[in-house]
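Asks: Residue numbers (this note's numbering), protein chains in the order written: chain A, 1 to 244; chain B, 1001 to 1157.
Hints were generated in silico from the structure; no laboratory data involved. Check before you lean on any hint, since a few could be wrong.
Stated by the list, open to error - If the Cβ cut is set under 8 Å, some of the chain A residues that face chain B in the computed set are:
hint : residue
1    : T23
2    : L26
3    : E43
4    : S45
5    : Y47
6    : A99
7    : K128
What the hints assert, rightly or not - For each label pair, taking beta carbons as the anchor points, the in silico distance ranges come out as:
hint : chain 1 : residue 1 : chain 2 : residue 2 : range
8    : A       : Q96       : B       : L1079     : 39 to 47 Å
9    : A       : E57       : B       : T1046     : 38 to 46 Å
10   : B       : M1074     : A       : K231      : 41 to 49 Å
11   : A       : G163      : B       : E1112     : 27 to 35 Å
12   : B       : N1054     : A       : L61       : 14 to 22 Å
All values derive from a computational prediction rather than experimental measurement. For every residue, glycine included, the Cβ atom is placed at its ideal position computed from N, Cα and C.
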Amino acid sequence: TAAAPRPWRLFGAMCLLRLPRITQPLEKEEEEMAALMGQIELEKSHYSDHEIRKLEEEEQLRRRKESMYDDDDEAPGKTVIMAQDLEDKWEQKLLQFKAAPRITDADKNNNRTSLNRKLDSNLMLLVKQKVGNQELWLLPQVEWQPGETLRSTAERAMATFLGDRIQAKILGNAPYGIYKYKFPRAIRTEDNVGAKVFFFKAFLQSSDLSQTELKEDYLWVTKDELGDYLKSEYLKKVNRFLLD
Amino acid sequence: PRRAQPKKKKKVDVKKEQAQKDRMKKKIRKLEKAAPEMIPIEDFITPLKYSDSNRVRSLPPLSLEESERRVLLMKKWCLFKQKQDEAEKKAIQSLVEAQQEALKELRLESEELYQAAIRRDEGLFPFERDGPNYTPPLPGYDPPEGKCVDITKVYTQ
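Just chain A, with the same shape it has in the complex:
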């Protein structure tokens, strides 16, 4: 029951974040501190069973060498597994295992449409949309229709570009940011001064997007790369609600 219809058109936009899969590399101070903490822990600790066994066996070996192979008669026939051998075996096993690389192929090709890029930072979805008579890179947005809440507008925006099967956790009912702009004077009327775009945030939970067909051009970019695609005013507003 509004007094007079407001002249602003409402849009709901969704900022879909793919959370990082691997840890970020440590800073220089963090690495130094980690080394120092390890050293202090080593100094304050006592010997473990394995280390005591290793020391005793080294002692035994030394004594055997010094005493000119006196007790050779008890050694042959028995194969004693030394702690050192165990350690070597474990080392070999570790070297045989090859983990997946942290820098993927998509990183090397700089393929910005793939989700496997930059696994240690947040990636967000940008879509090319037609606004007015311009084709712009924007966060997926769709106009609000009366009868739905803004959050469902944002969900609809996500569904239009990524399909129904997408699983995302939307963080709350409230918008995270707003971008207000006035239409250029040519199309501005009494009822249609400008538009307000409300941004919502969601975390992407389904890791497999092969079933979705994106009709428009899309990109998955990090916060630093947003500047390559978004206009400066829009970018400023978007940056306010993005944590690095």
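Based on these hints, arrange chain B on the given structure of chain A.
Replies: Chain B in isolation, oriented as in the chain A frame:
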């Protein structure tokens, strides 16, 4: 004789059994009256085999340069963490400001949309997520077979 003997046996048995039952009941009552024993916390009790003197590590003592380096590193770490914390707090502050501004504008637009926006989202918490690892998951990796046997001691009071 036949009439008397079985009866005697029964009486004596019954009395003995009664006395035994009473003694048992007294013991049970005494045990129950005693305060319940505390459940020992296994982590706080060092097993005796770790207090042997041959377990103590023998390392050369710290040199002066080393201890100075450590102190300076701790101070640098303190500063680093302070800057990191300040940056985080600033980011959160800007997040909250942006949200307040958005809600203010929404209120100007329509009251009902605003009320719908400030409603609590029940489905959000409890929120669970597997944290980031050091390397991404290897596709087609077959972990080695094994069985995990739980040997924690369970105490009942």
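Asks: Could you run down the list of hints and mark each one as holding or not?
Replies: Hint check:
no., hint, in the structure
1, T23, "holds, 5 Å"
2, L26, "violated, 11 Å"
3, E43, "holds, 6 Å"
4, S45, "holds, 7 Å"
5, Y47, "holds, 5 Å"
6, A99, "holds, 4 Å"
7, K128, "violated, 24 Å"
8, A/Q96 - B/L1079: 39 to 47 Å, "holds, 43 Å"
9, A/E57 - B/T1046: 38 to 46 Å, "violated, 26 Å"
10, B/M1074 - A/K231: 41 to 49 Å, "holds, 46 Å"
11, A/G163 - B/E1112: 27 to 35 Å, "holds, 30 Å"
12, B/N1054 - A/L61: 14 to 22 Å, "holds, 18 Å"
When the structure is compared with the earlier hints, violations turn up for hints 2, 7, 9 and for no others.
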